[in-house]
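S.K.: Chain by chain, the residues run as shown.
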Amino acid sequence: MNQWKNFTKGFFKENAVFVLLLGMCPTLGVTSSAINGLGMGLATTFVLVMSNLVISLIKNLIPEKVRIPAFIVVIATFVTIVEMLMQAFTPALYSSLGLFIPLIVVNCIVLGRAEAFASKNSVGSSIVDGLGMGLGFAMALTMLGSVRELLGSGKLFNFTIYPEDYGMLVFVLAPGAFIALGYMIAIIDKMKKA
Amino acid sequence: MATIESSLKNMLLTLLVITAIAGTSLGFVYKMTEAPIAAAKAKKQQEAIKMVVPPFTNNPADGVLEVTSPEGLPIRLFPAKKDGKLVGVAVETMSNKGFSGNISIMVGFKPDGTIVNYQVLDQKETPGLGTKMVTWFKTNKGNQSVLDKNPKKNNLTVSKDGGDVDAITAATISSRAFLDAVRIGYESFMKNKDKLEGGAQ
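First to last, the sequence lines map onto chains A and B.
For the record, in the first sequence the residue sitting at position 144 is 314 according to the working numbering, with numbers rising by one throughout.
For the record, in the second sequence the residue sitting at position 13 is 23 according to the working numbering, with numbers rising by one throughout.
Heads up, some of the hints might be wrong.
Mimicking DSBU-like on lysine-lysine, the simulated pairs with C-alpha atoms at most 30 Å apart in a straight line are [as the list claims (entries may be wrong)]:
1. B:K170 to B:K159
2. B:K203 to A:K235
3. B:K107 to B:K134
4. B:K54 to B:K151
5. B:K148 to A:K325
6. A:K325 to B:K151
7. A:K360 to A:K235
8. B:K120 to B:K148
9. B:K51 to B:K203
10. B:K51 to B:K134
11. B:K92 to B:K170
12. B:K148 to B:K203
13. A:K325 to B:K60
14. B:K163 to B:K151
15. B:K159 to B:K201
16. B:K53 to A:K325
17. B:K107 to B:K19
18. B:K134 to B:K60
19. B:K163 to B:K53
20. B:K201 to B:K53
21. B:K53 to B:K170
22. B:K120 to B:K19
23. A:K325 to B:K51
24. B:K19 to A:K290
25. A:K179 to A:K360
26. A:K325 to B:K134
27. A:K325 to B:K54
Pairwise CB distance ranges, derived in the manner of DEER restraints [as the list claims (entries may be wrong)]:
28. A:E334 to B:P84: 32 to 38 Å
29. B:I14 to A:F329: 38 to 44 Å
30. A:G268 to B:P84: 18 to 24 Å
31. A:F329 to B:K201: 56 to 62 Å
32. A:V276 to B:G94: 53 to 59 Å
33. A:M354 to B:A49: 39 to 45 Å
34. B:T149 to A:T260: 25 to 31 Å
Chain A residues, not near chain B, derived (Cβ > 10 Å throughout) [unchecked claim]:
35. E184
36. L223
37. F259
38. F329
39. I357
No wet-lab data here; the hints were simulated from the structure.
Even glycine gets a Cβ: it sits at the ideal position worked out from N, Cα and C.
All chains, full assembly: derive it from the sequences and hints.
M.R.: What follows is the structure, encoded as structure tokens:
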């Protein structure tokens, strides 16, 4: 398989958020600012790459009937490692993402890639796939976070662009996440068809 | 894909090995991050104390006094002393009246009960509304600020309840909870003032 195609499919053609509509819970939950979206995206990328790597390594050692529990244990282990590392070295980011980090375990993207890709492909392809999918997810979350932060509080990555008083509060709240995501999906879809 | 047969023995063995490896690596990472996590927490606490009380020379965490408020909430009092004299007390106080979940704040009082400063430690209020409490009650605009006010002289409740403080726009519940935490902190401080003035230096 062409590795470059394998890598880039996560950004556009099979983007987890905009095209596959997977992992909506963290997508809508944490993207109230660009930096939160980026942090969540990178944490997920790490978990994706590591779990894809391990699962493609052990795919031939796992009996078919227990593969899902085995995958989940691997994924949960890496999520817990990320959680502890973030708590230790980036406490500020940890406190703002908080609850959503453990939820990476049940993020459908991670298990989806393990089941659909890593358990059928070589180690190298699986790492590339995890990296592409993860960075595509991170990109989507950062884009969504940027739009919401800019419209909602007049900032971008915490730099003030215009006074907060003119911000549309709704974009910081949950409905704004749905509105922004809806428009972005529409735009991506239009671009894909063009 | 699976080249190993799904027999009971194989399944048991595989899962056992995987969970054992997972457990071991988690234990390893836990050991590795245990110290930095504790250090990060202690640093956050130290910084919060430093921010809310006048300059001090002792280590307030040494003289910490843990009490329970009449509402049953755990309150921690950190005495800040300069050359053995009490210059302020940082109170880690909380309220369970928040819009969503508990609100935990660190409030600094002078020995006479005047509020020096505060820092919000933990809250899960609505982003863009209740979360404004982080700066709202420090901003010197209208009757927003609680700084330099004394709960003994000023009625520190929101103006809707007949008090002297302007609530956060569209977040009265969060504002009430914040002021409730300040009140609980103040009362715990006054009740234990004697203990804090004495005690370890």
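S.K.: Within 30 Å, alpha carbon to alpha carbon, are K179 of chain A and K360 of chain A?
M.R.: Cα-Cα ~17 Å, so holds.
S.K.: Next pair to validate is K120 of chain B with K19 of chain B; report whether the Cα-Cα distance is within 30 Å.
M.R.: violated, 68 Å
S.K.: Between the alpha carbons of K201 of chain B and K53 of chain B, is the straight-line distance 30 Å or under?
M.R.: It holds: about 28 Å lies between the C-alpha atoms, which stays within 30 Å.
S.K.: Evaluate the condition: distance from the CB of E184 of chain A to the nearest CB of chain B exceeds 10 Å.
M.R.: holds, 21 Å
S.K.: Given the hint that K51 of chain B pairs with K134 of chain B, does the C-alpha gap stay at or below 30 Å?
M.R.: holds, 19 Å
S.K.: Holds or violated: are the alpha carbons of K325 of chain A and K51 of chain B at most 30 Å from each other?
M.R.: At roughly 28 Å apart (the allowed maximum being 30 Å), K51 of chain B and K325 of chain A satisfy the hint.
S.K.: Going straight from one Cα to the other, do K163 of chain B and K151 of chain B come out at no more than 30 Å?
M.R.: holds, 20 Å
S.K.: Taking only the CA atoms, is the gap from K325 of chain A to K134 of chain B under or equal to 30 Å?
M.R.: holds, 21 Å
S.K.: With a cut-off of 30 Å on the C-alpha distance, tell me whether K325 of chain A and K60 of chain B pass.
M.R.: holds, 29 Å
S.K.: Cβ-Cβ distance between V276 of chain A and G94 of chain B: within 53 to 59 Å?
M.R.: holds, 55 Å
S.K.: Take a quick look at F329 of chain A and tell me if its Cβ sits farther than 10 Å from every Cβ on chain B, holds or violated.
M.R.: holds, 17 Å
S.K.: Regarding the pair K360 of chain A and K235 of chain A, is the alpha-carbon distance no greater than 30 Å?
M.R.: Violated. K360 of chain A to K235 of chain A sits at ~41 Å, over the 30 Å cutoff.
Checked against the numbered hints above, the structure violates hints 2, 7, 11, 17, 19, 21, 22, 29, 31, 37; every other hint is satisfied.
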